[in-house]
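The task is simple: from the sequences and hints, build the whole structure.
Chain by chain, the residues:
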Amino acid sequence: MRLKLALSFMLVELGFLLIGVMFNEFWRERTVLIQIVEITLYVLVGLSAPLLFSHYFTRDIRKLAELASVISGGDLTKQVDVHSADEVGDLARSFNAMLASMLNIVKEVKSNSEEIFRLAQTLSGTSEEMNASTEEISSTIQNIARGAEVQADMVNRTSEITRRLATQVEDISKRALKADELAALARAKAEQGEQHARSAVEQIQDVAAKVERTSKAVRQFQTNALAINKTVDFITSVAQQTHLLALNASIEAARAGEQGRGFAVVAEEVRKLAENARRFAQQISGLADAINEGSSEVLRSMAETSAAGEAGVLAVQLAGNSLEEISSAVLASAERMKEISSLTAEQARGADGLVKAFEELHKIAESNAAGTQQASAATQEQTASMEEMAASAQQLARTSDTLKDLVSLFKVES
Amino acid sequence: MSEAPAGEPTLVFELGKQTFGVRLGAVREISEAGAIAPVPRAPALIRGLADVRGRMTTVIDLPLLVGAPADTSRQGRLLILSEPRDYLALWTSTEINLLELHRLEVEVTSEWCEGHATWNGKQVNLLSTDKILLECEREVLRRCQSR
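Chains as they are written, first to last, in my numbering: chain A, 1 to 414; chain B, 1 to 147.
What the hints contain is simulated information worked out from the structure, not anything from laboratory work.
Here the structure is a predicted model, which is why all the values come from computation and not from measurement.
Hints are not guaranteed to be accurate.
As the list claims (entries may be wrong) - Result set (DMTMM-like, lysine to aspartate or glutamate): computed pairs, CA atoms no more than 20 Å apart in a straight line:
#1 A:Lys174 to A:Glu339
#2 A:Lys272 to B:Glu95
#3 A:Lys272 to B:Glu29
#4 A:Lys174 to A:Asp352
#5 A:Lys272 to B:Glu100
#6 A:Lys272 to B:Glu32
Unchecked claim - From the structure, some residues in chain B lie toward chain A, with a derived Cβ separation under 8 Å:
#7 Pro9
#8 Glu29
#9 Glu32
Note that the Cβ used here is the ideal one computed from N, Cα and C, for glycine as well.
Next comes the structure, spelled out in C-alpha cells:
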C-alpha cells in the first residue's frame, strides 16, 4: 500500500512533469489560451488522479467494509476476495481467518446449545415423570400408612374383643361350677320328689280301696231300693184292684136302689182308701226312685273317683319315673358341667395367650404405621426436590433456548 | 152322698181334651181289660174281642169313637154294658170316677150323646149307649156296602 501510494504520487509527479515539458517544448510562445489549456490539464490531472487512485486504493478496503457489514448482520458464510499482497491483503486474510474461526465457534456453540436444549427438555420430561412417579409412590405410601393405622386399630379392637371373650369364658367357667352345685341340689330334690310320689301312690291306692268298699255298700243300697220299688208296685196293683172292686160295689149298690145305700157308702170309703193307698204307694215309689237315682249318681261319681284315682296313680308313677330320669339327667349334666368348667378354664388360658399375641401384633402394626408415615414424609421431600429439579431443568431449557435463538442470529451455512 | 139331692150317679172319665160320662145304670160292671183279640176285617172302631168271665165280649174303642188321640196302651179298663147289651164293652185307659151329676137342660150337640152336665166347670158329654151301638152298626154296614 505504501508502495502503491508512493508509485501513485510518483505517477502524478510524472504527469505534471510531462505536461510542463510538453508545454514548454511545443508552445514557447505561450498564449493565454495555451496557458489556460495548460492550467486546465493541470487541474484535470490534479483532480482526476486523486480520484482514480483513491478509488483504486480503497477497493479492497471497501470489500472488507462490505463484508464487515454483512458479518455484523450475522452472516458468517461469506469470505472476502482479496489477493493483493499488501497490508490490505493481509488484513483481508486475517479477516477471513478470523471469520473462519468465528464460524467454527458459532457452529460449535449452536450445536452445543441445541444439544443442551434437547437434554434440558429430556431432563425436564424425565423429572416430571419422576415427579409423577414419586407422587404416586407418596400416595401409595400414604394409603399404606392409613391401612397400617386401620390395621393397628383393628388389632386393638380384636384384642379388646378377645379380652372380653376371655372374661366371659371365665364367667362361664364360674357359672358351670355353680350349675354343678345346683345340679347336685336338683338331684337331691328329685330323689325327695320320687319318695313323695311313691307315698302319694300308696295314699291314692288306699283311697281307691276305700271308694271300692263304699261302692259295694251303695250298690247293696240300690238293690234294696229296687226291692222297695217292686213291693210298692205290688201295693199299687192291689190298690188299683181294690179301687175297681169299690167301683163295681158302688155299681151294685146303685142297682140295689134304696137297700144298697149303706153298702154304697162302704164301697165309697173302700174306694177312697184304695185311692189313698195308691197315692202313698206312688209317693214311696217316687222316693225309692230318687234313692235309686241318687245311688246311681253316687256310684257314677265313685267310679269316676276310682278312675281318677287310677289315673292319678298312673300320673304320679309317671312323675316318679320322670323324676328318676331327671335325677339321672341331672347327674349327667353335672358331669358335663364339670367338663365345661375345665374346658372353659383351658379356653380362658388360651384367650389370655391370644390377647398377648394381639398386643404384640398391635405394637407391630403401630410401628408399621409410623414407618410408612416416615416413608411418606421422605417421598414428599423427594417430590419437592424433584419439583425443584424439574423447575431447574425447565429453567435450563429456557436458557438454552435463548442461547439457541442468539446463536441462530449467526448464519453459518450458505 | 147318702143325703145328697138326687144327682144321677155317673161314671166320668177324660178322653183327650173332653170329659165324658156314662150313666151308672147303663154299666153292669168295670173290669181290667185282659188280652183283647183283634177281629179280622172288622171296622177300626171295634178294638177286638175280650173274654169276660167266660163270655165273649165285643170291645169298642172309645177314644177312637169320640175322635180323641189314638190310645195304644195295653193297660185299660172295660165298661161292660148292662143287659141286654152285656155283650158290649167300652174300652178306656184313663181313670174312671164315680160322681153324681145333674143333667143340664141344653140341646144335645154330639150324635152319640144323650145330654150334657158340668163337673168342676168342665162340660161332661153324657154318652148314649144306644147311639154308640147305632154308630157301630152303621160303621159295620158301611164296611159291608163298600165291600
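Hint check results:
1. Between the alpha carbons of Lys174 of chain A and Glu339 of chain A the distance comes to roughly 12 Å, so the proposed pair stays at or under 20 Å and holds.
2. Distance check on the hinted pair: Lys272 of chain A and Glu95 of chain B sit about 14 Å apart at the alpha-carbon level, within 20 Å; holds.
3. For a cut-off of 20 Å, the pair hint linking Lys272 of chain A to Glu29 of chain B stands: about 18 Å separates their Cα positions.
4. For the suggested pair Lys174 of chain A and Asp352 of chain A, the alpha carbons sit about 17 Å apart, so the restraint of at most 20 Å is met.
5. Taking the CA atoms of Lys272 of chain A and Glu100 of chain B, the gap is about 16 Å. The hint holds against a cut of 20 Å.
6. At most 20 Å may separate the alpha-carbon atoms for a hinted pair to count; Lys272 of chain A and Glu32 of chain B meet this at roughly 19 Å.
7. With 8 Å as the threshold, the beta carbon of Pro9 of chain B comes within range of chain A, its nearest partner Cβ sitting at about 5 Å, so the hint holds.
8. For Glu29 of chain B, the interface hint holds, the least distance from its beta-carbon to any beta-carbon of chain A being 5 Å, beneath 8 Å.
9. A cut of 8 Å between beta carbons decides the hint on Glu32 of chain B: the least distance to chain A is about 7 Å, and the hint holds.
Hint compliance for this structure: no hint is broken.
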